[in-house]
Amino acid sequence: DQQVKQNSPSLSVQEGRISILNCDYTNSMFDYFLWYKKYPAEGPTFLISISSIKDKNEDGRFTVFLNKSAKHLSLHIVPSQPGDSAVYFCAAVLLQGAQKLVFGQGTRLTINP
Amino acid sequence: NAGVTQTPKFQVLKTGQSMTLQCAQDMNHEYMSWYRQDPGMGLRLIHYSVGAGITDQGEVPNGYNVSRSTTEDFPLRLLSAAPSQTSVYFCASSPGGGNQPQHFGDGTRLSIL
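These protein sequence lines are chains A and B, in that order. One point on numbering: in this note's numbering, the residue at position 31 of the first sequence is 31, and numbering is uninterrupted. One point on numbering: in this note's numbering, the residue at position 100 of the second sequence is 1100, and numbering is uninterrupted.
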């Protein structure tokens, strides 16, 4: 039972355009969400996060939107750059108890020149 | 500036063999975790530790043991390797709970024949 789902295995975007990566979750109790970026042969690196009490968080070219009623979050990258080509994972956590991260399957983003 | 160091980077085992995947961090983080990454499955939590002497199971703990005798080290032991344990293993650390960004090592690629 996949509690966090990234339904698009891959996404291709032209350089300079907006990239939108989506993530859905089933557990309404999740109260914190994070995005990680992963290059080949490296470990994931933290990108941006959002608390469930907010609906938007912005950091430079990266913005995360949270729609709690739809149990949906999205990561916007604008403008997209070739260095953004990577696999992006969303993750969710319950801040009570063990605070274990639950990851989605990942979306491979390719930025075309 | 080492961060999280995993050894070895690659390993091939025969079914039934045992081995230990090493993980060390130099950031004095309390939280450490082991994940496995499989195609189409994202990262799944195997075991985690909230401090020296304290460990607990994650989503997929069967076939793996951990211990945390020091803050710095969190080894993962495969007692009797099975082909289903062929995967890429990532160790991560963070200063605190789930809303703290995790720092990942570069992974160990393990093949069980």
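Simulated from the structure, these hints should not be mistaken for lab results. Note that this is a predicted model, so its numbers are computed, not measured. All residues carry an ideal CB built from backbone N, CA and C; glycine is no exception. Hints are not guaranteed to be accurate.
The calculated lysine to any residue pairs, modelled on SDA-like cross-linking and capped at a C-alpha distance of 25 Å, are [said to hold, decoys possible]:
hint: 1; chain 1: A; residue 1: Lys100; chain 2: B; residue 2: Val1012
hint: 2; chain 1: A; residue 1: Lys100; chain 2: B; residue 2: Leu1113
hint: 3; chain 1: A; residue 1: Lys100; chain 2: B; residue 2: Gly1016
hint: 4; chain 1: A; residue 1: Lys37; chain 2: B; residue 2: Thr1086
hint: 5; chain 1: A; residue 1: Lys54; chain 2: A; residue 2: Asn7
hint: 6; chain 1: A; residue 1: Lys71; chain 2: B; residue 2: Gly1003
hint: 7; chain 1: A; residue 1: Lys100; chain 2: B; residue 2: Lys1014
Computed list of chain A residues with no C-beta within reach of chain B, every gap over 12 Å [to be verified]:
hint: 8; residue: Val4
hint: 9; residue: Gly16
hint: 10; residue: His76
hint: 11; residue: Gln99
Partial pick of chain B residues on the chain A-facing surface, computed with a CB cut under 10 Å [unchecked claim]:
hint: 12; residue: Pro1008
hint: 13; residue: Lys1014
hint: 14; residue: Tyr1064
hint: 15; residue: Ala1092
Here's how the hints hold up against the structure:
The suggested pairing of Lys100(A) with Val1012(B) is violated, with an alpha-carbon distance near 29 Å, which exceeds 25 Å. Only pairs whose Cα atoms come within 25 Å are accepted, and Lys100(A) paired with Leu1113(B) is rejected, the gap being roughly 31 Å. The straight-line distance between the Cα atoms of Lys100(A) and Gly1016(B) is roughly 30 Å, outside the 25 Å bound, and the hint therefore fails. Taking the CA atoms of Lys37(A) and Thr1086(B), the gap is near 23 Å; set against the 25 Å cutoff, the hint holds.
The straight-line distance between the Cα atoms of Lys54(A) and Asn7(A) is roughly 23 Å, inside the 25 Å bound, and the hint therefore holds. Restraint check for Lys71(A) and Gly1003(B): not satisfied, since their Cα atoms lie roughly 34 Å apart, outside the 25 Å limit. At roughly 32 Å between alpha-carbon atoms, Lys100(A) and Lys1014(B) are farther apart than 25 Å, so this suggested pair is violated. The beta carbon of Val4(A) is not kept farther than 12 Å from every beta carbon of chain B, the shortest such distance being approximately 8 Å.
With a minimum CB-CB distance of about 28 Å to chain B, Gly16(A) clears the 12 Å threshold, and the non-interface call stands. Once the 12 Å rule is applied to beta carbons, His76(A) is consistent with being away from chain B; the minimum gap is 19 Å. Once the 12 Å rule is applied to beta carbons, Gln99(A) is inconsistent with being away from chain B; the minimum gap is 3 Å. This hint is violated: Pro1008(B) has a C-beta 14 Å from the nearest C-beta of chain A, more than the 10 Å allowed.
Here the hint on Lys1014(B) is broken, as its CB sits about 25 Å from the closest CB of chain A, past 10 Å. Given the 10 Å rule on beta carbons, the hint for Tyr1064(B) is violated: about 15 Å separates it from the nearest Cβ of chain A. Evaluation of the Ala1092(B) hint against chain A yields a held restraint, the C-beta minimum of about 7 Å falling below 10 Å.
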